[in-house]
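Novice: Construct the complete structure from the given sequences, taking the supplied hints into account.
Protein sequences appear in the order of chains A and B.
Our numbering puts the first residue of the first sequence at 203, with every later residue one more than the last.
Our numbering puts the first residue of the second sequence at 203, with every later residue one more than the last.
Please keep in mind that the hints were generated in silico from the structure rather than gathered at the bench.
Treat the hints with care, since some could be wrong.
The list treats identical chains as one, so a pair stands whether inside a single copy or across any two.
[As the list claims (entries may be wrong)] Derived pair list, reagent style EDC-like, types lysine to aspartate or glutamate, alpha-carbon separation capped at 16 Å: (1) K222 <-> D334; (2) K453 <-> D272; (3) K585 <-> D480; (4) K395 <-> D364.
There are 2 protein chains.
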Amino acid sequence: MREVAVLGIGATPVEEQWEKSLRELAGEASLAAMQDAGLDTIQSIFIGNMMSGSANHQQHLGVYLADWLDMRFAEGLRVEAACSSGAAAFRSALMAVASGEVDTALSVAVEKMTDSPSTEITAELATAADADWETDQGLSFVALNALVMQRYMYEHHWQHDDFANFSINAHANGVHNPNARFRKPITIETYRKSPIVADPITVMDASPMGDGAAAAILVPVEALRRYGVTQTIQVIGSGAATDSIAVHGRKDPTWLTAAERSAKQAYQQAGCTPKDMDLFEAHDAFTIMATLSLEASGFAERGQGVRLALDEEIRPNGRIPIATRGGLKARGHPVGATGMYQIIEVVQQLRGQAGENQIADARIGMAQNIGGSGSNIITHILKSA
Amino acid sequence: MREVAVLGIGATPVEEQWEKSLRELAGEASLAAMQDAGLDTIQSIFIGNMMSGSANHQQHLGVYLADWLDMRFAEGLRVEAACSSGAAAFRSALMAVASGEVDTALSVAVEKMTDSPSTEITAELATAADADWETDQGLSFVALNALVMQRYMYEHHWQHDDFANFSINAHANGVHNPNARFRKPITIETYRKSPIVADPITVMDASPMGDGAAAAILVPVEALRRYGVTQTIQVIGSGAATDSIAVHGRKDPTWLTAAERSAKQAYQQAGCTPKDMDLFEAHDAFTIMATLSLEASGFAERGQGVRLALDEEIRPNGRIPIATRGGLKARGHPVGATGMYQIIEVVQQLRGQAGENQIADARIGMAQNIGGSGSNIITHILKSA
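Specialist: And the structure:
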């Protein structure tokens, strides 16, 4: 198995990109990553996306993007794993390069959601849940997360206010990220006054949708010398695991077993423990998901993820900084693209290119992308050398 | 790069499967493949599918299938490349096993099309073409192929009747395949009397949609001894290439450059030439596509693919047998699943399990899956040893 490195990264801002088509978004991020890598051609394209078939009446995004990039005859395929499509595309590209079959892979993820009526997007997001046993009962995605959060608060005796710092930290960090959808800090008052979406989840617990694309170029570590690279950003751990697609199928809906499994795989490959992580791009689609992700990945005891937020250990100078560039909450959650934003944000930190968000001496970083209601979870660990 | 073999295969019949859900179809094919392989668990699932998001209101098929199979915590992701989704899933699984990251991979592909109104399916199929520059002009998929066929007949001086044997051969072979959607032979009269869909394409030039799933288990060749296998079915060549997504973007719309490129890659890896192939599962979605696929893959000169049909060289005892189990025309074309049907049909031939369709002494076989109007083409070569 060949060792694999990230040679280049690129992304568009996450916003309402009504002036740009799906291909322009994916193309811009890809060209930025290629320019960053110093490459003008790529052998294989792995494009992560959840809903272009319905939201943009376009499937077949592999060739669609290869065509736009004028990379005639490159390989192109789309990888879909709902909200974890971004990390799934990255992992597919990783395995392709590791196998020796592919020498230059473009992993890009894109979502363009804001052209469509929000009712359509809500229905489309629900296709990540179980159509027969959840969606048909009228459960939307936020409702599923609200049920989990309600139960978690009851079992572990937390109040809604206790989750505030997840949101406050994300928005504070988003201020300094030019790609972030929201760049205004919030206070505890903002959090308290935020309207309820599905009790107990308020607007300030939930991440906003958006349009955007993020991309990375993967090459074998052994080829880096040829590219004149001095700093190696290596992918040292990768793990993927699923759980029952419906929340009711799990023994304990307040524990993310798929996160635990995928993180464990990634730690083992990397020869690391949670203590080695300088930062963690967690999947804070909802404050409850950030909590559960921290616990299952070994950063907190069961029921105590909230404590990390209360103690401000998730802040840039804390024990385990999360959402360092705004997270899903402030950078935004263009669903199928989110996992690739997480990856490039880790790379930015390891390169020392995170500007005012820079985590001091960041050497090892982790990204965890969650699909569905915790049913598909993919973890990557990257290291600077 | 580890060498990879197919350890087990399974499939459902292609038909109108109104009594079975999407997960039951994918699950049945997968369980059949696992039983054939003698495995009761799998590490990673790569599921090929084009249109479940719209046709079945269900995405996120990796976890959806892992859950149904009760393979809690297995990796699961979906691969989409329109009509070439099946081969794209197989190639992804192949690279995962080749990389050393995955030891047992399930490549399965499923499509369930006949529950939806045919107008919806026609619109959904069109998402494989260019939404902005083809579909919005009112071009359906059959219309795109009709334009190509019209031009091909004009340039190379063929008549419609000259294509008849593609259809006659496929239907003759389908009679003996229990998974085939149509099991009745047709005659030249049937072909001549067939109603036009989009001039010059008639019903007998076009493959039928359907519901179905096909699956294969991939493992490293080095592990075969552990599984007690005596016959090795190895994947010796794999190639993938794209072309412009819109037909008008190509210098010559009557030449499948992506087929030429992907076949060349596969031949080079395999150390083979077209002459070494004992059979070829070509992508006969339309008779014109079978013709163009034969030419670009090196079985006929430019403009002379039709000659192979006229001379009956594509029959089971001919120079290059195609559609040996009915092809897309008679076995059926459950769009995203088709590429996996082609793969398992090659495996059946190499194992000597093709019944009355058996090609004598079949040792090396090729499958080529075409996505869109020739814009995404994936070729695999398998060998029995």
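Novice: Now tell me if each hint is right for this structure.
Specialist: To see whether the hints hold, each was checked on the structure:
1. In this assembly of identical chains, the alpha carbons of K222 and D334 lie at most 16 Å apart only when taken from different copies (13 Å versus 35 Å within one copy).
2. Only between protomers do K453 and D272 lie at most 16 Å apart by alpha-carbon distance; the minimum there is 14 Å, versus 49 Å within a single protomer.
3. Taking identical chains as interchangeable, the C-alpha atoms of K585 and D480 lie at most 16 Å apart only when both belong to the same chain, with a minimum of 10 Å there against 48 Å between chains.
4. Taking the shortest Cα distances, K395 and D364 sit within 16 Å of each other inside one copy (14 Å), while across copies they are farther apart (74 Å).
Violated hints: none; the structure is consistent with every hint.
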